[in-house]
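Going down the list, the protein sequences come from chains A and B.
Residue numbers for the first sequence follow our numbering, beginning at 1 and rising by one.
Residue numbers for the second sequence follow our numbering, beginning at 1 and rising by one.
Some clues are possibly wrong.
[To be verified] Using C-beta positions, here's what the derived DEER-type ranges look like:
(1) A/SER126 with B/VAL253: 47 to 55 Å
(2) B/GLY200 with A/ARG142: 45 to 53 Å
(3) A/ARG142 with B/VAL253: 32 to 40 Å
(4) B/ASP22 with A/LEU148: 54 to 62 Å
(5) B/ARG118 with A/LEU21: 51 to 59 Å
(6) B/THR150 with A/GLY209: 29 to 37 Å
[As the list claims (entries may be wrong)] Footprint (simulated), chain A over chain B, 3 or more residues, beta carbon under 8 Å:
(7) 103-109
(8) 219-227
(9) 243-251
Calculated from the structure, these hints are not laboratory results.
Positions of the beta carbon are idealized from the N, C-alpha and C atoms, including for glycine.
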Amino acid sequence: MEILGTLWSTFFDLESMRAALPELLRVGLRNTLVLALFSAVIGTVLGMALAVCGLSRSRWLRWPARVWTDVFRGLPAAVTILLIGVGLAPVGLEIWGPNPYPLGILALSLIASAYIGEIFRSGIQSVDAGQLEAARALGFSRPAGMWLVVIPQGVRRVLPALVNQFIALIKESSLVYFLGLLASQRDLFRIGQDAAANTGNESALVLAGLFYLAITVPLTHAVNAIDRRLREGRRADGADHDQDPDLPPVALTQEAH
Amino acid sequence: MSTTSTSPTATALEGVSVATRDVHLAFGSNRVLRGIDLDVEAATTACVIGPSGSGKSTLLRVVNRLLEPDRGDVLLAGRSVLADNPDDLRQRVGMVFQHFNLFPHKSVRANITLGLTRLRGLSKDEAAERAMHHLDRVGLAHKADVRPGTLSGGQQQRVAIARALAMEPEVMLFDEATSALDPELVKGVLSTMADLAAGGMTMLVVTHEMGFARSVAGQVLFMDQGRVVESGSPERIFEAPESDRLRQFLSQVL
């Protein structure tokens, strides 16, 4: 009983949570969302570029895309974040001063782009080759056909995988704490972790975890909803069959002689 | 819905002549086309028949340069098109595919307006108006706002024909346009094609519909192993085949 009570107060001490709540809300949540949103946008744009390059007929585009993808997908996120965040810090200092966020976002974007690029590539490749052929038969160039016809369909098919990647990104954003954050720069994880370290009680970190869940769980369900809609949307809703009242009198079909 | 069929075609789509001269094309060691000479006069229909793998579909794709020939020439209205920009050429040549290849993420109307606004430079209103005109001609104006996936195969193929016609092509290519359709849907598509032929379009039609070839084509070409083995009027081809291969083919399909 004693032990259970101790465990309970270690994780669910309301007083500790209440103490951490204002900072989590005002500072941590904002910073986590900033990190995740910016790197999601940049990662998506870079990922699309990677996918297009990866599908190019030119090996000078395909190869760099391949290497980029292998490197940033293959490295542990912590390594990428440290290498970029610390390694490029002198350059960053010149450009925007001692703020670790731009480089943190850059590192997260690079990691995300590798995964998102592969997601887009598989989606684009899953589109029937007849679609590009039809676009080109109308007179569209290959790039125009890809952009107007193939890519929109490919992206639609991988929306669930894309949202999954955004969820991973929200969680990975906590790794920017490696770069050393000022009090006002701390994200959800860091604030929870600092409070836990200061008080010897994990409750603030549990609360930070609940914040993450509050963002990621709805997204997970959104994924499922998107998935369901895509599936059902593809089913023909009551295809009515050709019944033309005015067919010509000539029989044009198979008439053996 | 006043539509298609027996009524004379509203807007004349004037076709031009199509010809190929000694066209060769190989995929690696596979020689798919081995010297094709083809002459389709303006405003006539030529049907290409033959066993699968004979190079029929490949020939169509050489005419609009979705595939580039290794050797030989392609002529539209008597002029070689191989030096032209292939994208410009394809705007002059409409193509209809076996599997329709409508854009499933766009409405029926948007399938048609896409090329009109982006390639023909029509305004949105002009494009929509022209799309509705061509949908009406194939009897599907009431389906303008739905996605192609909700239509039957026959309706989808007629939308695909309307999409090609809206670009006001000078030649139409049909690649087994009814092969993927349920039997009861074939008729509607063939009658749309027959209307178009009667309206003065030049058509090159790869088909397994011998009835259509008989009643609509001015000329029938029998291809086998990358060559035109026999060609002539439908009567000649169907009533008096000369080669064993054609006789054998006809005995299998008729």
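Practice prompt. Closer than 8 Å, Cβ to Cβ, for at least three residues: run that test on the segment 243-251 of chain B against chain A and report holds or violated.
Written response: Contact hint for the segment 243-251 of chain B vs chain A: violated, 0 residues under 8 Å.
Worksheet item: That 45 to 53 Å hint for B/GLY200 and A/ARG142 (C-beta), does it hold up?
Response: violated, 32 Å
Practice prompt. For the range 54 to 62 Å, tell me whether the beta carbons of B/ASP22 and A/LEU148 fit it or not.
Written response: Cβ of B/ASP22 to Cβ of A/LEU148: about 36 Å, so the range 54 to 62 Å is violated.
Worksheet item: Does the hinted range 29 to 37 Å hold for B/THR150 and A/GLY209 at CB?
Response: This hint is violated: roughly 45 Å between Cβ atoms.
Fill in: Outcome for the supplied range 32 to 40 Å, where the beta carbon pair is A/ARG142 and B/VAL253
holds, 36 Å
Discussion item. For the segment 219-227 of chain B, count the residues whose Cβ lies under 8 Å from any Cβ of chain A; is that count three or more?
Written reply: violated (count 0)
Worksheet item: Are B/ARG118 and A/LEU21 spaced within 51 to 59 Å by their CB atoms?
Response: Distance hint for B/ARG118, A/LEU21 holds at roughly 53 Å.
Practice prompt. Tell me if chain A covers the segment 103-109 of chain B under the three-residue, 8 Å CB rule, please?
Written response: Check passed, 3 qualifying residues.
Discussion item. I want to verify a distance hint. Is the separation of the beta carbons of A/SER126 and B/VAL253 within 47 to 55 Å?
Written reply: violated, 35 Å
The earlier numbered hints that this structure contradicts are 1, 2, 4, 6, 8 and 9.
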